[in-house]
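Trainee: For the sequence shown, counting from 1, position 264 maps to 263 in numbering that gives the first Met the number 0; every step adds exactly one.
Hints listed in this document are in silico derivations from the structure and should not be mistaken for laboratory results.
All C-beta atoms, glycine included, are put in the ideal place defined by N, C-alpha and C.
Honestly, I wouldn't trust all of these hints.
Listed next, the in silico PhoX-like pairs over lysine-lysine satisfying Cα-Cα at most 20 Å (straight line) [what the hints assert, rightly or not]:
id : residue 1 : residue 2
1  : K187      : K231
2  : K47       : K34
3  : K40       : K2
4  : K150      : K139
5  : K112      : K246
6  : K246      : K192
7  : K162      : K139
8  : K150      : K162
9  : K246      : K134
10 : K47       : K14
11 : K112      : K134
12 : K112      : K47
13 : K248      : K315
14 : K24       : K231
15 : K2        : K77
16 : K58       : K112
17 : K284      : K134
18 : K349      : K248
19 : K96       : K77
20 : K189      : K162
21 : K276      : K192
22 : K24       : K77
23 : K112      : K192
Computed Cβ-Cβ distance ranges for the label pairs, DEER-style [what the hints assert, rightly or not]:
id : residue 1 : residue 2 : range
24 : S321      : N159      : 43 to 49 Å
25 : E32       : S321      : 28 to 34 Å
26 : E219      : T311      : 21 to 27 Å
27 : S317      : Q355      : 42 to 48 Å
28 : T131      : T311      : 37 to 43 Å
29 : R281      : E102      : 19 to 25 Å
30 : D271      : S243      : 30 to 36 Å
31 : A223      : K96       : 29 to 35 Å
32 : E185      : N220      : 22 to 28 Å
33 : Q90       : G327      : 52 to 58 Å
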Amino acid sequence: MTKLYISPYIFFLLKEGRTIVWNYKNHTQFELEEKYFNRLKELSCSGKIIIPETEEVDKDLIEANLVSLQPYEPFEWKWDELGQIYHVGTQDVHGGKEYSDEEFVSNYYEFCKEVTNQDEYQYVSYNGDQVTLPKPNIDKLDHSSVLNAIKLRMTSRSFNGEKVSIENFSTLLFANFGLLHGEWEELKQKNLKNLGIRRAHPSGGGLHPVEAYVLVFNVENIPAGIYHYNVKGHYLSKIAESCSYEKLKHTLCGQFFGDGISFGIFLVGHFDKVWDKYGHSRSYKDVYLDAGHVSQTFLLTATALELLTWETAWFKDSEVSSLLNINGISVAPLFFLGAGYGQRVSVPPKLHKLLQQTS
């Protein structure tokens with residue numbers, strides 16, 4: 000008897016009346032006739048063998064790497080199937096061929112020509128009321144060494160609502176999200192089309208899909224409200240009315256650690272900036288990596304400006320999207336950063352009080 004083993008790396012997709020099986024480890028997809036779907040369903044029960052009635056179907060399934068004559072190597076995975084599909088399904092996306100340097104350059108050049116369908120970098124802009132920001136005082140960041148900022152940076156969870164100066168606010172936004180380097184001089188000198196920008200952190204293809212949506216609570220000369228930071232113009236565009244601390248706490252799944260922050264920033268991914276150039280879902284990872292780069296730069300520069308910071312990735316995605324007036328699909332929240340003044344403590348007074356009562 001020949002035993003068959005169904006691949007643990009497949010899922011099914013119903014689309015326009017068709018049944019698609021997707022082998023996410025091998026990056027292959029097949030439209031299934033009913034007999035193949037039914038056989039896979041049978042094989043999902045352990046102990047199935049090749050029988051004369053299904054021998055031809057089984058051969059096709061083996062050839063398609065949907066089933067195997069050998070058991071699949073067991074693996075440890077403690078998250079759900081959705082996480083496994085993405086984790087495995089975005090690995091080993093390399094084209095399957097090694098190139099010489101000359102071949103690589105030639106292929107890269109052709110790829111760039113294919114995806115170059117814009118005349119220039121597309122900045123995100125809103126039409127809301129504008130708030131002009133003063134010229135950033137970048138020299139203030141020279142007062143703290145990188146090492147000092149790294150050592151002083153911590154996650155604080157107790158803020159007092161004290162006002163942040165507009166100079167520090169402007170400097171922090173510009174240093175992290177603005178055009179700190181000015182024009183991309185190298186591309187200009189080499190007469191190359193500039194479809195990317197340079198900011199303080201790296202970004203795949205220079206696309207910088209992560210934008211700053213700012214919740215102002217108490218910043219000098221800026222009305223409380225929800226704004227988008229305009230990268231090109233270094234100003235704020237109002238997109239919604241003010242957000243209370245209670246509302247923020249609700250969208251952050253009850254976390255009260257942001258109470259008293261002077262301002263907060265939702266890092267928002269504009270995925271449409273990426274998928275036209277990098278079409279594989281592996282690039283979804285890159286957008287989150289961008290958010291990580293932005294976050295670290297923000298935390299260090301805020302620390303250098305003697306601000307306390309708090310950050311979280313736990314929030315109600317749909318409610319944050321509604322708060323920011325974004326669709327939550329092609330434009331979606333990734334991370335939250337808070338800043339202000341208060342106590343340099345990781346354990347806030349409310350939590351400390353509870354710990355004392357229960358100890």
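Trainee: Each hint should be assessed against the structure and marked as holding or not.
Mentor: Hint check:
no.: 1; hint: K187 x K231; result: holds (18 Å)
no.: 2; hint: K47 x K34; result: holds (16 Å)
no.: 3; hint: K40 x K2; result: holds (15 Å)
no.: 4; hint: K150 x K139; result: holds (18 Å)
no.: 5; hint: K112 x K246; result: violated (47 Å)
no.: 6; hint: K246 x K192; result: violated (44 Å)
no.: 7; hint: K162 x K139; result: holds (18 Å)
no.: 8; hint: K150 x K162; result: violated (25 Å)
no.: 9; hint: K246 x K134; result: violated (32 Å)
no.: 10; hint: K47 x K14; result: violated (29 Å)
no.: 11; hint: K112 x K134; result: violated (37 Å)
no.: 12; hint: K112 x K47; result: violated (51 Å)
no.: 13; hint: K248 x K315; result: holds (10 Å)
no.: 14; hint: K24 x K231; result: violated (41 Å)
no.: 15; hint: K2 x K77; result: violated (28 Å)
no.: 16; hint: K58 x K112; result: violated (42 Å)
no.: 17; hint: K284 x K134; result: violated (34 Å)
no.: 18; hint: K349 x K248; result: holds (15 Å)
no.: 19; hint: K96 x K77; result: violated (33 Å)
no.: 20; hint: K189 x K162; result: violated (46 Å)
no.: 21; hint: K276 x K192; result: holds (15 Å)
no.: 22; hint: K24 x K77; result: holds (18 Å)
no.: 23; hint: K112 x K192; result: holds (11 Å)
no.: 24; hint: S321 x N159: 43 to 49 Å; result: violated (29 Å)
no.: 25; hint: E32 x S321: 28 to 34 Å; result: violated (43 Å)
no.: 26; hint: E219 x T311: 21 to 27 Å; result: holds (25 Å)
no.: 27; hint: S317 x Q355: 42 to 48 Å; result: violated (37 Å)
no.: 28; hint: T131 x T311: 37 to 43 Å; result: violated (30 Å)
no.: 29; hint: R281 x E102: 19 to 25 Å; result: holds (22 Å)
no.: 30; hint: D271 x S243: 30 to 36 Å; result: holds (31 Å)
no.: 31; hint: A223 x K96: 29 to 35 Å; result: violated (56 Å)
no.: 32; hint: E185 x N220: 22 to 28 Å; result: violated (37 Å)
no.: 33; hint: Q90 x G327: 52 to 58 Å; result: violated (27 Å)
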